[in-house]
Structures are given as structure tokens and as C-alpha cells.
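Asker: Keeping the supplied structure of chain U fixed, place chain A upon it in accordance with the hints.
2 protein chains.
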Amino acid sequence: MNMTIDKQLKTSDFLAIEHILRAAKVFSEDEINVAVELAQDTLSGKDKYDFIFIRNVDQQLLGYTCFGKTPLTAKTYDLYWLAVNPPYQKNGIANRLLAETLKTIAAAGGAHLYAETSSMTQYAAAHSFYEKMGFMLAATFRDFYKDGDDKRVYYKSVK
Amino acid sequence: MNMTIDKQLKTSDFLAIEHILRAAKVFSEDEINVAVELAQDTLSGKDKYDFIFIRNVDQQLLGYTCFGKTPLTAKTYDLYWLAVNPPYQKNGIANRLLAETLKTIAAAGGAHLYAETSSMTQYAAAHSFYEKMGFMLAATFRDFYKDGDDKRVYYKSVK
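Chains U and A are the protein sequences, given in the same order.
Using the numbering used here, the first residue of the first sequence is number 139, and each one after it goes up by one.
Using the numbering used here, the first residue of the second sequence is number 139, and each one after it goes up by one.
Because the hints were derived from the structure by calculation, they are not lab data.
Note that the coordinates shown come from a computational prediction; the quantities given were computed from them, not determined experimentally.
Watch out, some of these pointers could steer you wrong.
For chains that are exact copies, the list does not tell them apart, and a pair is met inside one copy or across any two.
Taking lysine-lysine pairs in the BS3-like style, the calculated list, with each CA pair at most 30 Å apart, reads [to be verified]: (1) Lys184 to Lys145; (2) Lys207 to Lys228; (3) Lys213 to Lys163; (4) Lys207 to Lys184; (5) Lys213 to Lys184; (6) Lys184 to Lys294.
So that you can see chain U by itself, here it is in the shape it has in the complex:
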């Protein structure tokens, strides 16, 4: 598949991000709103997050990552979102997004990457992905999101 990669957030991405996350069928409306807000706040200048987009030849969004330097740290980054439009999954898009994210962080002098996720079974694909990509489970916070729904913190050293 012909794909292009870019870091240029556009207003049209708000709807595309919402579409991808809703199509994933694992995120709540609150989570989707937060994800779109990160994009809106970045474009309005209220806050600053980094984005990487993979698009097809028609400029349709196939997947994206949103990440950023963790405040008050020297070399630590948070991976806020990594999502691939469901019909385009299994094309190596997630791997390529993560590889590009790690390259960008390394180029900026980053050394540590954290990704937080829920322990719930609907996030099992995310857990497998992180583990396959060399992340380690760094911490678990019991009942963090709600009763029976722990927060898992995955960690990857950035070389």
C-alpha cells in the first residue's frame, strides 16, 4: 500500500482522529474527547503535543501517534495515543508509527518512553503490541480507572 508519513497536524485531522478511535470500539466518549482535545489544543497553541500521521494517497488518515515530552523531566516522553484505522490494521502501520515516534524522540534527545493503558481485556491487543515491541510492564495501579480496571504503565528505553 502506498502511504506517506508526516508530522503536520491539520484541522481535518480532528474528525479523522475521532473516526479512528470510535472505529476501534475500545475507547469511551470521554477518552475520544481527550484525544481530540490534544489535537485541538496543539493547533490552537494552548498546549503542545507531537503528532505523526500515516496517510494513503488520497490523504485519508490510516493511523497516528500523539506523544510529548513529560513536563519537568529531562529525557522522558509519554506516548498518549497510537491508533490505526481498523480496516488498515495488519499492514505494519502501528509498527511503523512506533518506529517513527522512537526515532523522533531519540533525535530530540529523549531516553525514556512511557505508555499508560487499561488492564481491561478489550485492551489486550494493545498489551500484546507493547510487549512485542519491547516495552516492559513498569507498574500497575489497582482499580485506577474504576473498580476492576487497573492502570498499566509500559516502559521502553529509547536508543
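Answerer: Relative to chain U, chain A alone:
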């Protein structure tokens, strides 16, 4: 000592918070800026954090806490700041601030409280305080803030 407790953030608190944190001699300028921003953002309506203040009869700020509901969680809170003006320490002000914070969180239906701090020795008083007050060390993230400076996450169940 005659003290009053209130939850009413005022513009004059910006400078008082800055003064207390600078006098504590453990926080960086970046950390102090973030602490003052939490107050500014709350008063401007940009964001919403909870504050509890202890003042003397002259309305001078002796200590304060800043905390808030963790986004996307049902019953989890973060304790962002708990600080006492150094000349007024050893008067039980920190204990009273924490007790009032826990009471406020419990009344709002909260069940979990997390406090993040650095592992550096200048924060030893904070570590002792949390441990004495029944917090548990829930996680440590190595070199999180900078090389040799871990993030410690303390946890207390809110009853």
C-alpha cells in the same frame, strides 16, 4: 496558633504559593512555575484544581494543598502539592492539610489518592511524611526526572 482553613483561591495566593515553594528550597523554578500555573488556570477557568488553604489571623498563607480528580477515572485523585511555609512547620499544619484533603475527596466519592515525588534526598522529608501518614510506595520509575532522579508514586486509600 490561631488558624483558619478555607478552599477559596484568591489572586493574592499566586504570590504566597510562589513564596512558600521558594522558601522550601527543594523545588526548581520550573516546578514553582507549574504550581503557580495550576492556581492561575483554576482562577481563569482554563482548568479546575481543588485547593485547601490554612491561613493565620492576618490571612497570611501558612500552607496549602492542590489536588484534583484524575481525568478519565471514576474515584481517583492526584495530590499535586502539599506545602507548608517553613517558619510554620512542626505545627501539625501538613497533617491537618492532608486530613482535610482526604475528607474533601471522600465527600466527593473519591477512593484513591496518588502523590508523585522525586527520589532525591532533598525530598526525604516528603517521603517520611507520606509514609508516616499511611501512604504506600506504589511504583518507582528509574531516572524519570533525570539521570539518578527517579519518580516515586505514593498511594493512599481514601476511606
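Asker: Between the shortest in-copy and the shortest cross-copy C-alpha distance, which are at most 30 Å for Lys213 and Lys184: within, between, both, or neither?
Answerer: both (22 Å within a copy, 28 Å between copies)
Asker: Have a look at Lys213 and Lys163 and pick one of within, between, both or neither, based on CA distance no larger than 30 Å.
Answerer: between (33 Å within a copy, 24 Å between copies)
Asker: If the cut is 30 Å between Cα atoms, do Lys184 and Lys145 qualify within a copy, between copies, both or neither?
Answerer: both (18 Å within a copy, 27 Å between copies)
Asker: For Lys207 vs Lys228, is the C-alpha pair at or below 30 Å within one copy, between two copies, both, or neither?
Answerer: within (29 Å within a copy, 37 Å between copies)
Asker: Which holds for Lys207 with Lys184 at a C-alpha limit of 30 Å: within a copy, between copies, both or neither?
Answerer: Both, since 15 Å and 21 Å are each at most 30 Å.
Asker: How do Lys184 and Lys294 come out at 30 Å by Cα distance, when the copy is not named: within, between, both, or neither?
Answerer: Cα proximity of Lys184 and Lys294: one copy only (28 Å, versus 33 Å across).
In summary, the structure agrees with every hint in the numbered list given earlier.
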